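When you get a sec, could you build the whole thing from the sequences and use the hints?
Protein chains in written order, with the working numbering: chain A, 1 to 249; chain B, 1 to 235.
Hints are supplied without guarantee of correctness; some may be wrong.
Partial pick of chain A residues on the chain B-facing surface, computed with a CB cut under 10 angstroms [to be verified]:
1. 22
2. 35
3. 39
4. 76
5. 87
6. 98
7. 99
8. 132
9. 137
10. 161
11. 165
12. 168
13. 176
14. 182
15. 186
16. 217
The hints are simulated quantities; they were obtained by calculation from the structure and are not laboratory data. On a predicted model such as this, the values are computed, not experimentally measured, just so you know. Backbone N, C-alpha and C fix where the C-beta goes; we use that ideal spot for every residue, glycine too.
Chain residues, written in single-letter form:
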Amino acid sequence: MSGRVLTATRLGFIEQSRRPLLLVLLVTIPFIFITWSFWVTEEIPRIVTLPGGQLIPTTMRDIHGAVMVPITVAFLSGLVGMFVVRSALESDRRLVIAGFSPGEAMAPRLAVMGVMTLVVLAVSVAVTAIDFQPESWSAFGVGNLLAGLTYALIGALAGATMGELGGAYLMFFLPMVDFGIAQNPMFFDGRPPEWAMALPGWGSTRVIVDGAFSANFEATAGLLAAIAWGVVLALGVVLLLRRAVAPRH
Amino acid sequence: MASASVAFVREHLRARLTLALLVLIPALFVIASAAVLGEFASALGGAVAGSSASALGAGWAAAFLAGALGFFQVSSSRDADRRLALAGLGPTRVAAARIGASAALAMVVSAAAFITLELSEPPLHPAHAAAAIAAFALIYVGLGALIGSFVSGPLEGSLTVALIFLVDIFSGPGMTDSGGVAALLPTRGVAELLIAAGAGEGSPTGDWLVVLATVIGSLSIAFGAFWWAARPRTG
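Shown next as structure tokens:
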């Protein structure tokens, strides 16, 4: 990585560190959302269907707490991705005119977006550990990482193509419907309905549910689907941002 | 002033996609949540179900969109409004025009939510349900505008609106109904009216007057926030 990209990346992080309210919100929102979900949900018995077909008896409280992690991570990462990309488009165009390649201009934004997603993920997983121990931390963590990155990339796409009001609506609504309703084992018969497979959160949620309630990993199809979503979205972001920051003639 | 309100509405709807989302999101949220809200309330120890749960979902959808709208009306137009006020419109008329635009857009969102509700799971007292959904949205216009007068960053503001919204709905009637500070939340009364309307029960005039006072109070706060953003600076 060239020196000027490193400098741009460093400046990108300094810019974010000058927004104390944002940092406070990125830490307190996961704490409030996740801890509260555990506190307020009743311990009603519930059967969850794991990706391997195994039926596991658990409680609404544990499911709600576990599922609140991807809801929170995806929601925060999506909004971060959208506003980081959106706020940088104009200055990135100037960087390209000044001699940066489109890739060099985009890399610092994507780095900031990725690190903020990791911060949100780390806080959310740490908060979850207070009330809930997944059977497999690695699967639970990977699933939530994939959920966060998927929605950060969707946010970046929204940031490059939509206004701030429309983008904010979309980035609130989509994670809520995807993780909060469609993929949520609290509803339906404990597994997502068929139409939920078309949504970007299906694969990562199958990995999360598997990790939360089973030590034996059987969510390979979910993992592959989540990775495929990530790759396609990443390609889409790169192509769109290259066009968005290119000089206009 | 009316022409300024129309211009502000057009400013927000310049992007056709935003207009489409203003209509589509409440509709999709009402449809998606109708099947699960009763079950969710029961997991939280609440008792709302059936038509009441669906009606509450419609109120939530209208409320969140209106809250974000109120926030962006203040935060993204602060500089332009100040110039408009200095150019002769004055901060009071700018603020009144912003209120008109926000209320009009909130009514679009409320109408989308109510029509979807009517088509999917009709509330048993439709007139009360429509009025309560509109009141939910107008209260959130005020909350969003208030946040916009303190928080300038769009990301921070969006997160703050979402945080307040989620705390409000999860601690409200039909959900955890967690008393204490939650009893003081501004949408408590309107949520109770909406639940009653969904179940076909009319609510007493006194309850409606309390909600009307809350709406007027909220829009007054929004007016103050718009005025504050557009006021001339000295020095």
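- Query: Hint by hint, which ones does this structure get wrong, listed from lowest number up?
  - Reply: 2, 6, 7, 8, 9, 16
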